[in-house]
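Student: Residue numbers (the working numbering), protein chains in the order written: chain D, 1 to 112; chain V, 1 to 115.
Think of the hints as simulated: they come from the structure by calculation, not from any bench. This structure is a prediction, so every number in the text was calculated from the model and none was measured. Beta carbons are placed, not taken as given, at the ideal position from N, Cα and C, and that holds for glycine. Treat the hints loosely; a few may be bogus.
Said to hold, decoys possible - If you only want the chain D side, here are some residues facing chain V, beta carbon under 10 angstroms, derived:
#	residue
1	Gln6
2	Asn27
3	Ala29
4	Arg41
5	Gln80
6	Ser84
7	Leu88
8	Gly103
9	Gln107
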Amino acid sequence: QKEVEQDPGPLSVPEGAIVSLNCTYSNSAFQYFMWYRQYSRKGPELLMYTYSSGNKEDGRFTAQVDKSSKYISLFIRDSQPSDSATYLCAIFSSGSARQLTFGSGTQLTVLP
Amino acid sequence: DSGVTQTPKHLITATGQRVTLRCSPRSGDLSVYWYQQSLDQGLQFLIQYYNGEERAKGNILERFSAQQFPDLHSELNLSSLELGDSALYFCASSEPKGGARTEAFFGQGTRLTVV
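Pulled out of the complex, with its shape left as it was, chain D reads as follows (with noise of 0.2 angstroms):
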């Protein structure tokens, strides 16, 4: 079982809708949570950052996690066909072996 699962679509939604994206960890040793989203052969940039439980706002952007069923999630409202990319999650342990582990990413196309 690898320690970060996500959902790796791809996923086709209309524009306006509501995204939802999803991944869920193993390790109780995971701290720090981010979503990444990726164009097209461009390096991943950071979109959100949280160490709690709970929602975290940013804009149309909202991060969800969930710590006691190891489940977070990224909600995207009123997308935008501009948001059509790869959406990666990570999480950083902060236990004896501090590293970075990355989902595998999931292709969302917004279709005007």
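Using the hints provided, position chain V relative to the given structure of chain D.
Tutor: Then chain V, alone, in the frame of chain D:
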């Protein structure tokens, strides 16, 4: 601009050759990660350095090696190159000295083509 600089941006070389990819992390970041991304594939973790020491190793081939220098820049050396090594290679940095933040910032990558 993430603050992470990778050079060169593009590299074309022949099979059997050796190349060196360079990464300058964000100012003050102690940790450097290297990733390989083949066409339409996810990020494959290769290796991580922290303040000059290897911290974690992923699916890195024996033909590949890396190091982090005292000024914290890192180099990834790829030798005996094969066609299958053609990919985007990303560097990311994180963990600023004296800071608690752990998010990683990525460079724009080096596109390696082996012909």
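Student: Please go over all the hints and tell whether each is borne out by the structure.
Tutor: Structure-based check of all given hints:
1. Gln6: Interface hint status for Gln6(D): holds (9 angstroms vs cutoff 10 angstroms).
2. Asn27: violated, 14 angstroms
3. Ala29: violated, 12 angstroms
4. Arg41: Given a least distance of 6 angstroms, the restraint on Arg41(D) holds.
5. Gln80: Hint violated; Gln80(D) Cβ to chain V Cβ min 23 angstroms, cut 10 angstroms.
6. Ser84: violated, 15 angstroms
7. Leu88: holds, 7 angstroms
8. Gly103: Hint holds; Gly103(D) Cβ to chain V Cβ min 8 angstroms, cut 10 angstroms.
9. Gln107: Cβ of Gln107(D) sits 9 angstroms from chain V, so the hint holds.
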